[in-house]
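Visitor: So the chains spell out like this:
Number of protein chains: 2
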Amino acid sequence: MPVRYLEDFAIGQTYGSGALRVSKEQIRRFAAEFDPQPFHVDEAAARDTFFTGLAASGWHTAALTMRLLVDSEWKPAGGLIGAGVEELRWPKPVRPGDELRLQSEVIDARVSKSRPGHGVVKVRITTVNQNDEPVQTFIANLIVPRRPASHQRVGHAYLRHVKEQGCSQVPVGAVSP
Amino acid sequence: MPVRYLEDFAIGQTYGSGALRVSKEQIRRFAAEFDPQPFHVDEAAARDTFFTGLAASGWHTAALTMRLLVDSEWKPAGGLIGAGVEELRWPKPVRPGDELRLQSEVIDARVSKSRPGHGVVKVRITTVNQNDEPVQTFIANLIVPRRPASHQRVGHAYLRHVKEQGCSQVPVGAVSP
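Protein sequence lines correspond, in order, to chains B and W.
First residue of the first sequence: 1, per the working numbering; consecutive thereafter.
First residue of the second sequence: 1001, per the working numbering; consecutive thereafter.
Excised from the complex, chain B in its bound form:
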């Protein structure tokens, strides 16, 4: 699972994720701590609310989305560090038993103005349920380091090979992937 530098991200790249099922108990436990409103903690009371039944807090869906991201295969060097989030929406409630997974797409990647050694990668992240219905959408602005100068002309797979094989010779003309 290679780490990725700014130079490895390109507009249009898409990513999937594993899946997480969310139980009624998890919904109620999260809400009891962070969002104790009737529609998130009390199944009977929830029926007469806007949600017409128990629904996960939107912040619970956001937290589960983060877990799916952390467990997914794309690893920016330095970790998943958010500079911010745009247009966070919850188009449909998450219900007990729903199984969530992610559909992500890179929509921008550029060098940071304020942090020259870093870039900002914008990723549109859609959380869908088991019926492929979006339950959350947002755009994440991720802070991703630029590839260190010593790596600039060497592909990542080759560097891994170097590390694993103890070989330090850099092939002439090797370029970043």
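Keep in mind the hints are simulated off the structure, nothing from the lab.
Beta carbons are placed, not taken as given, at the ideal position from N, Cα and C, and that holds for glycine.
Mixed in with the good hints there might be a few duds.
Partial list, derived from the structure: chain W residues whose beta carbon lies under 7 Å from chain B [claimed, not checked]:
#	residue
1	Ala1063
2	Gly1078
3	Gly1082
Fit chain W to the known structure of chain B by using the hints.
Guide: Just chain W now, with coordinates in the frame of chain B:
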């Protein structure tokens, strides 16, 4: 603690909140479940990261902010229901022992185009630490019901009086606050 309808919100209104202290154990427990990256779970490993020390997951800060909102004194009728969030930022890390509270300001209030019985109230919500430094900012779009027709010409305080006193006579000329 009166509930508030759309008609009770006006641009420029400000609100405070109680305070919540966040411990190292809470930071690590939230992160272990939702954001298990070294800078959120491992104090030693966190030193060599972007955060230069243990920091709460941004989604933990968001969840704590929701708890402060739910416990605060302004109660939209129907509950705190977010249609979405704009410009979520984490300008400064939340550290173990930090005490968080909110500064909120209504920046827009209008009838919903898609839900005529409801409105959307935009609130800029700033989470600050014990040094008054913002650690999170966002704009919440809240779905708030309009005052029911039978209440339209009656101030809220009067209606509460009616309920408490069993008086049903509506004064001529009473208007919404």
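Visitor: So, against the hints stated earlier in the document, which numbers end up violated here?
Guide: Those not satisfied: there are none.
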